[in-house]
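Chemist: Whenever a hint applies, use it, and build me the whole structure from the sequences.
Residues per chain, in single letters:
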Amino acid sequence: MTDSNPVWNDDWIASQKNFWDAWSHILSQSMEPSPSSQAFAVPWTTALDLWAKTAAPAAPAAGEDFFRSIVRQGKTFLRLGEEFSKLTRNLAEGAQAGSNWKDVFAAKLNELKAGFTYGSASEVTSTLRGLLPFFELPMDTWSRMFSSSSLLPGDFLRSVKSEGLRDVAGQVHERMDRFLSVPAVGYMREWQEQTQGGMRLAMGYQEALQEYLHAHGRLGVDALERLAAKIIERAEKGQEINTLREVYDLWVDCGEEAYSAFVFTEEYADIYARLVNALMALKHHNQTAVDEVAGSLNLPTHQGIATMQRRQQELRREIAEFRSLLDPSVMEGMQARLRAQTEALNGRTQKELRTQGESIEGMREKVTVLERDVARLLKELAALRNGAGREGRGGRTPAKKTASAVSVVAAAGHRPNRAARASTAQKRGKGE
Amino acid sequence: MFPFQIRPDQALSEIQEFGTKLSRGLQTLNEIGDIDVGCTEKESVYTEDKLTLYRFKPLVEKLNPVPVLIVYALVNRPYVADLQKNRSLVRGLLAGGLDVYLIDWGYPDSADRFLSLNDYINGYIDRCVEVLRKRYSLDKINLLGICQGGTFSLCYSAMHADKVRNLITTVTPVDFHTPQDLLSHWVRKVDIDLLAETTGNIPGKMLNWTFLSLKPFRLSGQKYLDMVNTLDDPVLCKNFIRMEKWIFDSPDQAGEAFREFIKHFYQNNELIKGEVMIGEKNVDLENITMPVLNIFATDDHLVPPAASKALRKYVGSADYSEIEFPGGHIGIYVSGKAQQMIPPSVTSWLAAR
Numbered sequence: 001m002t003d004s005n006p007v008w009n010d011d012w013i014a015s016q017k018n019f020w021d022a023w024s025h026i027l028s029q030s031m032e033p034s035p036s037s038q039a040f041a042v043p044w045t046t047a048l049d050l051w052a053k054t055a056a057p058a059a060p061a062a063g064e065d066f067f068r069s070i071v072r073q074g075k076t077f078l079r080l081g082e083e084f085s086k087l088t089r090n091l092a093e094g095a096q097a098g099s100n101w102k103d104v105f106a107a108k109l110n111e112l113k114a115g116f117t118y119g120s121a122s123e124v125t126s127t128l129r130g131l132l133p134f135f136e137l138p139m140d141t142w143s144r145m146f147s148s149s150s151l152l153p154g155d156f157l158r159s160v161k162s163e164g165l166r167d168v169a170g171q172v173h174e175r176m177d178r179f180l181s182v183p184a185v186g187y188m189r190e191w192q193e194q195t196q197g198g199m200r201l202a203m204g205y206q207e208a209l210q211e212y213l214h215a216h217g218r219l220g221v222d223a224l225e226r227l228a229a230k231i232i233e234r235a236e237k238g239q240e241i242n243t244l245r246e247v248y249d250l251w252v253d254c255g256e257e258a259y260s261a262f263v264f265t266e267e268y269a270d271i272y273a274r275l276v277n278a279l280m281a282l283k284h285h286n287q288t289a290v291d292e293v294a295g296s297l298n299l300p301t302h303q304g305i306a307t308m309q310r311r312q313q314e315l316r317r318e319i320a321e322f323r324s325l326l327d328p329s330v331m332e333g334m335q336a337r338l339r340a341q342t343e344a345l346n347g348r349t350q351k352e353l354r355t356q357g358e359s360i361e362g363m364r365e366k367v368t369v370l371e372r373d374v375a376r377l378l379k380e381l382a383a384l385r386n387g388a389g390r391e392g393r394g395g396r397t398p399a400k401k402t403a404s405a406v407s408v409v410a411a412a413g414h415r416p417n418r419a420a421r422a423s424t425a426q427k428r429g430k431g432e
Numbered sequence: 001m002f003p004f005q006i007r008p009d010q011a012l013s014e015i016q017e018f019g020t021k022l023s024r025g026l027q028t029l030n031e032i033g034d035i036d037v038g039c040t041e042k043e044s045v046y047t048e049d050k051l052t053l054y055r056f057k058p059l060v061e062k063l064n065p066v067p068v069l070i071v072y073a074l075v076n077r078p079y080v081a082d083l084q085k086n087r088s089l090v091r092g093l094l095a096g097g098l099d100v101y102l103i104d105w106g107y108p109d110s111a112d113r114f115l116s117l118n119d120y121i122n123g124y125i126d127r128c129v130e131v132l133r134k135r136y137s138l139d140k141i142n143l144l145g146i147c148q149g150g151t152f153s154l155c156y157s158a159m160h161a162d163k164v165r166n167l168i169t170t171v172t173p174v175d176f177h178t179p180q181d182l183l184s185h186w187v188r189k190v191d192i193d194l195l196a197e198t199t200g201n202i203p204g205k206m207l208n209w210t211f212l213s214l215k216p217f218r219l220s221g222q223k224y225l226d227m228v229n230t231l232d233d234p235v236l237c238k239n240f241i242r243m244e245k246w247i248f249d250s251p252d253q254a255g256e257a258f259r260e261f262i263k264h265f266y267q268n269n270e271l272i273k274g275e276v277m278i279g280e281k282n283v284d285l286e287n288i289t290m291p292v293l294n295i296f297a298t299d300d301h302l303v304p305p306a307a308s309k310a311l312r313k314y315v316g317s318a319d320y321s322e323i324e325f326p327g328g329h330i331g332i333y334v335s336g337k338a339q340q341m342i343p344p345s346v347t348s349w350l351a352a353r
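Just so you know, the sequences run in chain order E and U. Going letter by letter, the first sequence gives residues 1 to 432 in my numbering. Going letter by letter, the second sequence gives residues 1 to 353 in my numbering.
Cross-link-like lysine-lysine pairs, in silico, DSSO-like; alpha carbons within 27 Å at most:
1) E:K75 with U:K205
2) E:K86 with U:K223
3) E:K113 with U:K215
4) E:K379 with E:K366
Quick caveat, the hints were computed from the structure, so don't treat them as lab data. Computed from a prediction, not measured in an experiment: that's the story for all the values here.
Modeler: Structure (C-alpha cells):
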C-alpha cells in the first residue's frame, strides 16, 4: 500500500471487514431453519455484487479486467454454493422425514435437468445459465461477430425461441419458404430478390443458432448426470463433501468431461460449422446490401475497398522485389554467381579443348603409323615387283602378296603399336 | 451414506473467507503498479511495414558465431518468450551463449488484409534471414520457430535449405489431422473462404475466445477462483496478471494469410502431403536436410504431441532429435521447469553443430 493513495487507509480496510461481517450476520440469520424452503434465500451473490460495485472503482486500471474476472467467477462459485446449500437442506429435511436422500436427490436433479431446456423460463433455468457461462463461450464469440456486422443486436435471433415455434415449425418454415420463393417482378424486382435472400439467410442462421443452443442444453444435462454419478459414487465409497469449493471443483470436472466428450464428436463439428457458415452468409449478404446503398450515394463500398487493399498489397510485393534487387548485397551476390558460372564455363571449355586436342594427337599418331606402314608396304611391294620380274620366269603370283599387305595395314589402323601408345601416354602425363 | 457434510456455519465461514480474500486482493492490486512485459534489453535492427527484427543484448562474452532467429507465431505477441527475468526462454538462450534475434510481427490492420503466407514466409522471413546473413557474413543461420512460427520455419527451411544451418521447432503443428487436435476438428467444415471474405482480417478477440473455448471451465473459471487464494501475494498476483495480459493481447490476423493457413494446413493437411504451395514454390519437407531439433509438450491442448512428433516421419534430415517437455503449450516457455530444461538443451544441441 502506498501512502500517496488516499483510498488505501486503515479506515477503508476496516470498512471492508465490517461489510463482510455484517453480511455474515445477515447470512447466519437466513440460514436458521425455517418452515418454508422458499424462505431459505441465501443472498451471497447479492453481497458480492454490492461489494464489487463499491470496490470496483478502487481497482487499478492494470488489474481491472483481472479483478472483474475474479468477481465474475466468485459469483458463479457463490451461486453454486447457494444452490447446493438449498439442495443439501432439502436432502437433510427429506432424510429427517424418512425419505431416501437418493430419491430426493434424483427428483431435484430432474428439476435441474429440465432447466437446461431452452425456452424454459423457470428460476432454475436462469440459475443454471449463471453456472454455465463457459458452455456458451463459442456462441458468445460468434454472437459478437454477428453484432459487429449487423444492424441488429448480437442476441436478436437468440431471443427467438424455437420451442415456441417448434410445434408449428414445419408449417411456418414451409409457408415462409413458399412466400420467399414467390418470383420477384416489376420495377423493384432486384430489391425484392435481395430481401427474400436476406430473409432466407436469417432463417437459416436462426435455425443453426437454435440447433447449437439445444446441443448445449443437452451438454448441461450430461454435466449434471456426471455430477450426480460422482456424488453417488462418493457416497458409496464413504467419501464426504465438506466444503463448497469441493462442490465447485467437482462441477468443473464434470463440466469439462461432458464438454470434451461432446466437442470432439462429428455432430458438434457439423453444428459448429453450420452456425459459423450461416452467420457468415448472413453477414456477407448484409455487406452486399449496405454496399448497394453506399454505392448509390457515391460512398466507398466494402467491395471497392477490398479491391484497393488487394492492389495495394500487389504493389507492396513488387516494391519489395525491386528493393531487394537494388540491395548492393543482392547485386554482389548476383555478380558472384555470374562470375562463378563464367569460371565454370571456362573450366569446362578448356577441359573439352584439351580432350579434343588429345583426340587429334592420337589420330595424328595413328596417321604417322599408317604412313610408316604404307611406306614399308610400298617398299615391300616394289621389292616384290622387282622379284616378280626376276621370278617371272617361275615365282609366286603378285595378286596374292598384295592382299596380305592390305590386311596388315587395316590391322595397324585399328591399333597403334606399343611404341606409339607409350608416346601418347607420356605426352598426357606432361599435360600437353 | 449421505455425502454432503457442509455445515451452515462452515459454509458461512468459507464465504466470509472468500470475501475477505477478495478485499485483500483489491489492496494487492493497488500495490503492484504497472505490469511490465519483455524483460531483456533489445535493439531494433531492421523494420519493414509493421515488422520489427530485434536483437537481444548478449549476456555473455563468448558467443556462438551463428545467430539464432526466433520466428514467432502470428497469434498473440512474442514477449511470451521473454515474459519476466525468471521466466524467459530468450534469457536462457542468451545465458547459454547464443546471439538471439526475434521477429515481432506487430499488429496487422485492414491495410494488411491481403498479406499472404508467401508475403510472410518468402517475403518477411527471408528478408530477416538476409539481414542476418549479411550482418554475419554467413551463408546459413539458425532458425527457431514457435508454434505457428515453427510451421513457417519448416516451410522456409524446405524452400531455402541453403540459408538454414540448424532448425529448431517448438510446439509446432506438422500433421494437422491427429485425433486430439480440437482446433482442427472445429474448423474442418467451416467455409473459410466465406469467413475471410466476410470478416476481412480475423479479430484477435475471436481467436482468444476460441482458444479459451477449448477448456472453458478451467481457463475461464477455475483458474480465477484458484487465484483468490494467492491474491495477498503481490509477486504471484503480478505474475498472474502479466500472463493474463499476454493471453488477451491478441493481434488481428491478416485475412488472406489466415485463410490460406486454415485451408491448406488445418483443413487439407497439405504440409505432410508435400502439396503446400507458398507463392510459386512447393514445400517438400524432404528438402529439410539440415539438423532438426523438435521440441513438443506432453500436455499441449492446442498442438497435441502427435501433431508435432509427425515431423520425424517427413523431414529429409539424417540428424533429427526430439525433446519431450512435461507440460503445456505455454508452460514450455514460462514455467520454472522449462527454464531448467529448454534453453540448456537448445544451446548444447546447437553448440554440437
